[in-house]
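A.B. asks: The lines below spell out each chain.
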Amino acid sequence: MSDYLYVGKDIPRTIEADKVCGRAIYINDLKRPGMLHGKILYSRYAHARIKRIDTSKAKKLQGVRAVLTGYDLPDVRVGFIKDQTVLKKDVVRQFRDEVAAVAAISLEIAEEALHLIDVDYEELPAVFDPREAMKEGAPLVHEVDARGKPVRSNILPLPWKFQAGDPEKGRRESAYVVKDDVRTTWVNQGCMGTSGCIAEFDMNKNLTLYSQTNVPFLGKQRIQEYLSRLGLGKSNVRVLNPVVGGSFGTKLDTDIYEFIAIQLALQTGKPVKILFTREEEFFALPPRQPALFNIEQGCDREGNLTFREVKAILDNGAYTSWGATTPSVMMMPISSLYRVPNVRFDATCVYTNNIYAQAMRGYGNPQATFAVETSMDRLAEEAGIDPAELRLINCNRPGEETPMRLKITTCPLEACIKTVREKIRWGEKRGKRNGRGVGMASLIHVAGGARVYKSDGHGIIVKVDQNGRVDVLESGTDQGQGSPTVISQMVAEALGFKPDDVSITLGDTSLCLWDAGTHASRHTFMAGNAAIQACRSIKRQILEMAVEFIPQIVTYAIKKKKQKDPNFREPDLDWKLVASPEAMDIKDRYIFPQKAPDHPYFRTEVSEILTRGLHVGTGQSRVVIAEAFYDPPTEMLDREMKGNYSMTYAFGTTAVEVEVDKETGEIKIVQVFAAHDVGRAMNPTLVKGQIYGAAYTGAGYGLTEEIQVRNGRVMNANFRDYKMLTAKDVIPVEPIIIEVPDESGPFGAKGIGEPGLVPTAPAIANAVYDAVGVRISDLPITPEKILSALRKKDVC
Amino acid sequence: MKKVSVCFTLNGDSVTAEVPVTWSLLKTLREYFELTGAKEGCGVGECGCCTVIVDGDAVNSCLYPIPEIEGRSVVTVEGIAGKEGTLHPLQKAFLENNAVQCGFCTSGMIMSAKALLDKNPDPAEEDIRTSLSGNFCRCTGYVQIIEAVRRVAKGNT
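First to last, the protein sequences are chains X and E.
With the working numbering applied, the first sequence covers 12 to 807.
With the working numbering applied, the second sequence covers -16 to 140.
These aren't lab readings, by the way, just hints derived from the structure by calculation.
Warning: the hint list may mix true and false statements.
Stated by the list, open to error - Below, in silico cross-link-like pairs of lysine-lysine (BS3-like), each with a Cα-Cα straight-line distance of 25 Å or less:
| # | chain 1 | residue 1 | chain 2 | residue 2 |
| --- | --- | --- | --- | --- |
| 1 | E | Lys(-14) | X | Lys42 |
| 2 | E | Lys137 | X | Lys739 |
| 3 | X | Lys71 | E | Lys(-15) |
| 4 | X | Lys20 | E | Lys75 |
| 5 | E | Lys137 | X | Lys281 |
| 6 | X | Lys509 | E | Lys75 |
| 7 | X | Lys322 | X | Lys172 |
Claimed, not checked - Chain X side only, calculated, beta carbon under 7 Å to chain E, not exhaustive:
| # | residue |
| --- | --- |
| 8 | Pro23 |
| 9 | Arg24 |
| 10 | Gly257 |
| 11 | Gln490 |
| 12 | Tyr612 |
| 13 | Gly700 |
| 14 | Thr737 |
| 15 | Leu798 |
Just so we're clear, the structure is a prediction, and the values are computed from it rather than from any experiment.
The C-beta atom is built at its ideal place from N, Cα and C for all residues, glycine as well.
Chain X on its own, in the form it takes in the complex (with noise of 0.2 Å):
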């Protein structure tokens, strides 16, 4: 056991207490002197050319501050290939094509405005099926790429293409092949904060954007950008963070709501807010990416793994967001998960009419493990091994090199599959096809930043006041995770100090030093290694201060006990005990000798040191502040798409026991044991809430999560028809944490945000094998396709 004070306890929330008095400030509730409101008209068609725009009858209604159309801006491309332009002129791509905004003093004259405009469109034929996209003669959604060169194709100009071994030779050597078709959905991020932003110039032309992001200084830097595109490029960006209502990868790239937002403040010199509703949070916005997955792989006679093929095809939708580098993610369960030699792996990302995509929690890795993990139990059959005994066979060991070049640090996942093997009472209860089955899946993910651009850097900037409050000003945000508190904690070890004393401010990109942005469970890897950093600056100055004070302090003391009382004898004091830096350690807010912890004299309370420091009185007064910037020495991916991409990786494995009603194809869950490598737990109750929360998001991809999309349009853009689990869908979850401290963590920390909802899908569809003898390989795993599949199988 460590003796660590904070880290690793159940320090409980109350930094956040503001959340449960209602006196949080989400974007919803803020507002700037002179706000107008702002509201975007969208497409009629999925593929269409504008013919004409009439704003006239709008712009004249009461209220009204500006209307804008793409052909009243410059033509400024944006997005992560620049496919796309803030307001789109000419053609319509999609549904959710943004064709004109509008300004006005209230909502409601907004609303009423966009009514006004009247738009004529001519119909184009779209193509809404990514196989039918790339075919020779598919209509063409885009004419042009970003260059404005004609395209002959749907096919993205991004490849991917993996290889390691040699998958033919690994095919011939194999005793057991399996094969199968795979399709994961959309599903929507479902955060209960809808999305929205508030721009604001000032005279200068500097720009304040309040925004939920989660990259405040990737996205400062897009907008940055976009302005000098527009001739503004000595504008000052400024990205503030409210609180966010959750993200789950909705904040990860800037979206053309803000871009309009900022277009609409700067035609009228107001603030401009723009807040979606839920219909739009479900159409207007990227959502998971889709796939569609051809997975072949075997084994020997033993079992070991011999090869894995996996051919992938990505609906983009009409314009490229992160959705497109969700392969990126698939590469890592496709090529690591267990030791598999010879991998290929293509991915396809194809142009259609449809909505397009982006990423949520996990990135494209549930989609690739619910292929793999289907896979695998097909293999295990195939072979006659028990499937938890294949993966045993298969298990990823720690300091191994996989075919993708990740480097295993620490790595329990034999411990994980062993666990919820036994929990879940794997032996009496598999193979019964009586109705109630168990499966298991398992999973690998980032857990040491995620090196997607050159800099996967975190900044942190640390500094204590003269009372001892140390306020941290740190890059990263927080969209419901509990940072705040796990940083408090961090800071106050690393420190000395208490989790109390410890403020944190988030997403200001003027305050903060750079950092990529809290995506890819970084969070807590990344802070606390850069907080420790500065903080063994901060406690090295307390220190120093402490020498040069305590014999002050304490030749005080001495002095006024003597004068009080003339009997007093001096003590003989061994000053060395504090002569240096290193003789003395700070805990609990006590300053004291390493050799006499206890000492009546030295042990001194920091504000005592502090104050002195700040208030000397000669010219020497000096503040205490350190920065720190943690940049993990890993590598990008290079053309080979090979590369060591994180500091390190979590694995876990995740065991659920379902119940199939054969007459009506319902699954009900019975339980679910999770059990997750975490490195060091810095929070427990906060790592369960992590996985709790990612296991129910999981259990509805697996089960009723779906954005249907018909000819392009989003058919339910609300909670009644899209499927979210509520309270009532019991979902009996025991996270296990598995503690396997990481050295390059901090504390020995992993990341947990994302993991726990990577296996769930998965582990649902082998389990509801188990139980009815039937493999559903397209999310989610609905009642009617389960009695459709038993129905086949009567059949046959």
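Given chain X, work out where chain E should sit, using these hints.
C.D. replies: Relative to chain X, chain E alone:
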């Protein structure tokens, strides 16, 4: 726009509001009284983020027409802490039990739980789940929320 004047009790105070007749209770609370604890998560009564207590019942304030509030008693999340700022046992339990993550659903969740506990101080887990089934949460998986409510129900805090 035609306005309506309503008198009601809000967090123990007698109040009067003169607002457009089409406004909901949620809009009135947020815009007129600047009580922004209740949130709009969907605006059509599906998510529960706007839950407040009216005459002892948890209601979706986004669907509640303002003229209907005349003479009634409304309690919002801002009105349940003690006078000296001491947190209500539910607020305390939510913090201690990690029942709050992003916090957007929290106000509504706490008010639904309070309405339940006021009527049934010792509910079974099933009762808690039913009472909270109209309050969506995407962060917590509900587990720690239900635990928090149970802790208060049993008077453990």
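A.B. asks: Taking the earlier hints as the rules, which of them does this structure contradict?
C.D. replies: 5, 12, 15
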